[in-house]
Amino acid sequence: MPREDDQCAHAAAEQVARRSYGKLVAFLAARTGDVAGAEDALSEAFAAALADWPAGGVPDCPEAWLMAVARRRSIDAVRRRQSGEAAAPRLQMMAEELEATAARETDIPDDRLRLMFACAHPAIEPLIRAPLILQTTLGFDAASIASAFLVSPATMGQRLVRAKSKIRRAGIPFRVPERADLAERLDAVLEAIYATFAEGWSDPAGTEVRRRDLAQEGIWLGRLVASLLPDEAEALGLLSLMLHADARRAARRDATGEYVPLADQDPALWDSRSIDDAEALLLRASTFGRIGRYQLEAAVQSAHVVRRRTGRADWAAIERLYEALAAMTESPVVAINRAVAVAETRGAEAGLAVLDALQDDSRLADYQPYWAARAVLLGRTGAMEAADQAYARAIGLEADPAVRRFLQQRRQELRNR
Amino acid sequence: MKYMLLIYGNEAGVQNMPKAEVDQMLAAYGAYTEAINKAGVCVGSNRLQRTSATTTVRTANGKTSVLNGPYAEVKEQLGGYYMIDVPDLDAALAWAARCPGASHGAVEVRPIWEM
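If you read the sequences in order, they're chains A and L.
If you count the first sequence from 1, position 308 lands on 307 in numbering that gives the first Met the number 0, and the numbers rise without skipping.
If you count the second sequence from 1, position 30 lands on 29 in numbering that gives the first Met the number 0, and the numbers rise without skipping.
So that you can see chain A by itself, here it is in the shape it has in the complex (with noise of 0.2 angstroms):
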């Protein structure tokens, strides 16, 4: 039954693949310094797995079938570009230390954390660190990664390749850092972790499969950082935020697909085992006493989600959570944010005083948010022209056609007033 054999290996590979890739990856990477010569040489491995298991069948631990046959192409590899190269000691350490690994191997040890602290190492441009995370731990391709940060494959591919190529040439090493650094170093984790998400994030409607996947993909990588680093308060925070973000998901867009805002979504339909699981991560994190800006914005979650019980959210404690992000940040974003919190506790008036001393920020001319922020508040003064123009501004700069439609709706309520 060669056909069936064949599937099972297929299965069995793919499996395989989806289980451990990052795990295989970061395994030889981590001893081999060379990031991309670890993704050839498992893409080698399971091309040999789907060969050779259809006729000998599936070896009873096959993770560790693939890691021999990697490590042997892995060494190879080494060799072939070193050769000519006085490599040879670092080529014996290497194979020595493989050998010895492999020898005792059915369990291989994790070192996704590792080769996240690489990926998201200070020496790596920040802005790739997010991509090179998706493609080394989750095996994410380089057309895939292009198509949700918005970059052509070809330049994504070429970022992707020179970053794999400075961990190697610069030696930068794949370790949890030391006390001293991990703060600073998680951060940067943390942040291609959180860029990961938004970017799903960023599909509401959860139309394009893709982004829908990198959001599940962000809360996935959440929980190994969290999981491997139990102790790290913002570790917790970022998982916490993640959990509640998603847990509206279903309630961001109504029957019809149109955009619901926050305010006006119905409570009923928010996941109530992730606003649980969320609630009980940040009260963790809260317990050691190093309150940093994922907790805080996972509070401000906590905060909007009080409405399940009192029927209106803690506005008095978004408006001082969005106080200590303010002055964590310098972020205009959270500034927008805060000034919303003080209309709902102050009034309109004084939230649009917070909006007008930001005014001379360049950044906020095409920034969304705010010029939708804006509309709201002026509406509610009366200030209908310009509210009027400000609701302009927005449906302009929106590019979701359910936003924009959302927004053109309350501008013609305004005008209808």
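Keep in mind that the hints were calculated from the coordinates and are not lab data.
Just to be clear, a hint being listed does not mean it is correct.
To be verified - Derived SDA-like pairs (lysine to any residue); straight-line CA-CA distance at most 20 angstroms:
#: 1; chain 1: L; residue 1: K1; chain 2: A; residue 2: R174
#: 2; chain 1: A; residue 1: K165; chain 2: L; residue 2: E107
#: 3; chain 1: A; residue 1: K22; chain 2: A; residue 2: E62
#: 4; chain 1: A; residue 1: K165; chain 2: L; residue 2: V108
#: 5; chain 1: A; residue 1: K165; chain 2: L; residue 2: I111
#: 6; chain 1: A; residue 1: K165; chain 2: A; residue 2: A187
Said to hold, decoys possible - Just a sample of chain L residues kept apart from chain A, beta carbon distances all over 10 angstroms, derived:
#: 7; residue: N9
#: 8; residue: Y31
#: 9; residue: G43
#: 10; residue: S44
#: 11; residue: T50
#: 12; residue: A59
#: 13; residue: G68
Claimed, not checked - Residues on chain L that point at chain A, a partial pick, calculated with CB under 8 angstroms:
#: 14; residue: M0
#: 15; residue: D87
#: 16; residue: L88
#: 17; residue: E107
#: 18; residue: P110
Predicted model, so just to flag it, every value in this text is computed and none were measured.
Quick reminder that beta carbons are idealized off the backbone N, C-alpha and C, glycines included.
Starting from the known structure of chain A, fit chain L onto it as the hints suggest.
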């Protein structure tokens, strides 16, 4: 791995520094050099003469030209180097950060192409 720590700084700035400040900087370099040598990671190091002492040679189409001055006119000039042998980039970056040149100008960390 071997790395070059290439020290860049504004020559003119150093020339116009008050003597006390120059002395302080040189003392800092002295201490750094001693530390990096004692740690057993330094392969070699030198301070370079000013770019006014530099001559640039270029051969094109079989013709050699000799020009007074550095290869490129830039605001910060290469003023010296340490070559170190350490396990990885993080170790090299830690030494670069301690170098007095990092606070006066910048230290470029460049891996050596091993032959």
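Checked hints:
no.	hint	result
1	L/K1 with A/R174	holds, 19 angstroms
2	A/K165 with L/E107	holds, 15 angstroms
3	A/K22 with A/E62	holds, 10 angstroms
4	A/K165 with L/V108	holds, 13 angstroms
5	A/K165 with L/I111	holds, 13 angstroms
6	A/K165 with A/A187	holds, 17 angstroms
7	N9	holds, 25 angstroms
8	Y31	holds, 20 angstroms
9	G43	holds, 18 angstroms
10	S44	holds, 20 angstroms
11	T50	holds, 28 angstroms
12	A59	holds, 29 angstroms
13	G68	holds, 31 angstroms
14	M0	holds, 4 angstroms
15	D87	holds, 4 angstroms
16	L88	holds, 5 angstroms
17	E107	violated, 12 angstroms
18	P110	holds, 5 angstroms
The structure does not agree with numbered hint 17 stated previously, though it agrees with all others.
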